[in-house]
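Student: Numbered by my numbering, the letters in the sequence shown go through residues 1 to 678 in order.
Hints were generated in silico from the structure; no laboratory data involved. Treat the hints with care, since some could be wrong.
As the list claims (entries may be wrong) - Taking lysine to aspartate or glutamate pairs in the EDC-like style, the calculated list, with each CA pair at most 16 Å apart, reads:
(1) K489 <-> E279
(2) K659 <-> D395
(3) K122 <-> D84
(4) K645 <-> E615
(5) K486 <-> D511
(6) K170 <-> D242
(7) K499 <-> D528
(8) K461 <-> E332
(9) K512 <-> D480
(10) K461 <-> D368
(11) K634 <-> E581
(12) K324 <-> D395
(13) K659 <-> D309
(14) K641 <-> E657
(15) K625 <-> E581
(16) K482 <-> E279
(17) K381 <-> E421
(18) K72 <-> D197
(19) K504 <-> E332
(20) K659 <-> E348
(21) K324 <-> D363
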Amino acid sequence: MKSININTEAPAKALCFLKASFRTVSLVIIIWTGILTGSSIQAQAVQYTTPSWWFGVAGGANFNFYRGSTQKLTADFTAPVAFDEGNGVSLYLAPLVEYHAPGTALGFMFQAGYDSRSSAYKTQITPCNCPADLTMRLSYITVEPSIRLAPFHGNFYLFGGPRLAFNVEKSFTYELGINPDFPDQEPTPDIKGDLSDVNKTLVSMQIGAGYDIPLSRQYAKSQFVISPFVSFHPYFGQAPRDIETWNVTTVRVGAAFKFGHGQMIPAPAIVEGLPVEPEFQFSVYSPANKPVDEFVTETFPVRNYVFFDLGSTAIPDRYVTLIKSQVKDFREDQIELFRPKNTSGRSERQMVVYYNVLNILGDRMAKDQAATITLVGSSEKSPEDGRAMAESIRDYLVNVFGITSTRINIEGRDKPKIPSEQPGGTLELDLLRAGDRRVSIESGSPAMLMEFQTGPNAPLKPVQLKAPQQAPMNTYTSFDVKGASKAFKSWSLEVKDEKGKIQKFGPYTNDKVSLSGESILGTRPMGDYRVTMVGLTNEGTTVRREVPVHVVLWSPTGYRNGARYSILYEFNESKAIAMYEKYISDIVTPNIPNGGVVLVRGYTDIIGDEANNHELSHARANDVKGMLESSLAKAGKTDVKIEVKAYGEDEAMSPFENKYPEERFYNRTVIIDILPNK
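I would like the entire structure built from these sequences, with the hints used as guidance.
Tutor: And the structure:
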């Protein structure tokens, strides 16, 4: 009886090929590793870059899966039964060339070589009850250009591209076994030949992944890499013939051995002697700051947001809350009597106003019985948590100020209507989310809101503050480094007092910087300092220059009419809402005298890139300047001088701290100072 070999011949030959190929590659790798080990004894004085071009060879095993069916083998022979499923392993071997610049994501791969798709079908039973076997020897010359993508700019990469294959082998062996019921019958001879109707050319695709493992030193001239890979070749376009449904799907597992030559890295030049100091001039001007009469009335907007601590729905203790017996004594014009537990020191009087926001709200609602509000709580946890935050405020207004609960509507959301966190954002999300955990106070009652304002971000009606004006810019100490933009990458200041205590400011890139006396002196009336300018050159060296300076703190002694207004902006916005134009036209401009001076100063919080924040503050200041110029022209005031300054996130200049979200929200502002004629 004839013995039948099932699914063994083609895989066995392919495996022999693979073993031989991998022995050869392994031998080359071992020899080269020995060469590297021997040469490592010598000191490598010259270094080379990682190559961009790579050449080598790729080899692997094709795991082929036959699906569909085939029965007609040649024009003269059709098997008595259809074969519909088969598996096998065969050889892939091809030279390669690759290009990918070091540290980049995109590259190109090209391989062209021998690609076997041989396999054997599962045994089928013919109508005569005889076992039938069919082995296919299918081989191609394949051309595979691919795009290479390293998503992490490292050794791991993905690749994909078309596959163009040219058939070079299409033979088959058909074996018909003996009916087991008739063991004495004569065996049928094997039928061998070439398949008919085979497509000469195939166009398909592949995708895969690999990982480069260096075999040589990082800075060697010749560098070698072994790169295990796996790729998937779907059946699309891989049908060997069109006359039947037979198709081939392949998973290729292998490794590529690649080598390339790097470019010599020039040795750093050794410069003898001392470096040449860049050309610049450093000077400090500190004004005498004799006491002058200054006073200003500030119209301070009350932000309509109450910010809650993470994990709590209780009103934070930094907000001022009253007991019922204190309500009768609360007055907006004496609001400084009701102070929060902790104040930052900077813009203290303004923050006292803001932290009384709930008392201001309750007092106004008690006086205007027709006013209604909506409290919209927003929590990253859930709308229910946001609603609980809003209920805490409602309970306070009802229980302490006696406001009827039906006048206060409640909503809960997971994000505020105007969120700070934007889709796709990745920087400083914790600060943005802290600003979004809040209760917004919304109202349609004009008595509650800032003039001409409506909507979810409309501030409450401002509070009038009789407060000393901040020191004007002409009282600041100025530090002038002429030529700094060319001489230095950046520069900073070290200010040392009589006791040796050092304060540091900067780094800066502008030629001139001004600091308030308060930022240097604190509460001291005056002091003597040694100021050191520390410049970082473009070559990485440091240049120091020291000068003495006497600083006097500016302080007002009397009264002179002035006015201050604030225009508030949302996060990352440089365009004020349209209704601010009417506010500036009807409220601000009438208070600007003919021949007066208007100081416009733009600020941001500390969230985001420093350079972008400086540009943002400048855009905000110019936005307000444009509205002022338009309204002044309409009012016929043509002799008003407008001075614009932008400070970005500079914490030495920002009007508020940046510790709490409410402070960061108030720093997103433009301050308008109106100075009268002297």
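Student: Assess, step by step, whether the Cα of K170 is no farther than 16 Å from the Cα of D242, and give holds or violated.
Tutor: Within the cut-off at roughly 14 Å; holds.
Student: Checking one constraint from the list: CA of K504 to CA of E332, max 16 Å. Satisfied?
Tutor: Violated, because 40 Å separates the two Cα atoms, which is more than 16 Å.
Student: Is K645 close enough to E615, meaning Cα to Cα at most 16 Å?
Tutor: Judged against 16 Å, a Cα distance of about 11 Å means the pair holds.
Student: Below or equal to 16 Å on CA atoms is what counts here, so check K659 against D309.
Tutor: Distance of about 13 Å is within 16 Å: holds.
Student: Decide if the proposed pair is consistent with the structure: K659 and E348, CA atoms, cutoff 16 Å inclusive.
Tutor: holds, 14 Å
Student: Check the hint pairing K641 with E657 against an upper bound of 16 Å on the C-alpha distance.
Tutor: violated, 30 Å
Student: Please verify whether K324 and D363 have alpha carbons no more than 16 Å apart.
Tutor: holds, 12 Å
Student: Is the hinted pair K634 and E581 satisfied, with a Cα-Cα distance of at most 16 Å?
Tutor: holds, 12 Å
Student: Straight-line Cα separation of K72 and D197 no greater than 16 Å?
Tutor: Answer holds: K72 to D197 is near 10 Å, not above 16 Å.
Student: Need the status of pair K625, E581: alpha-carbon distance at most 16 Å?
Tutor: This hinted pair holds, its Cα atoms lying about 11 Å apart.
Student: Check the hint pairing K482 with E279 against an upper bound of 16 Å on the C-alpha distance.
Tutor: Given that 16 Å is the threshold and the Cα spacing comes to 9 Å, the pair holds.
Student: What's the verdict on K381 and E421, does the C-alpha distance respect the 16 Å limit or exceed it?
Tutor: holds, 15 Å
The structure does not agree with the numbered hints 2, 14, 19 stated previously, though it agrees with the rest.
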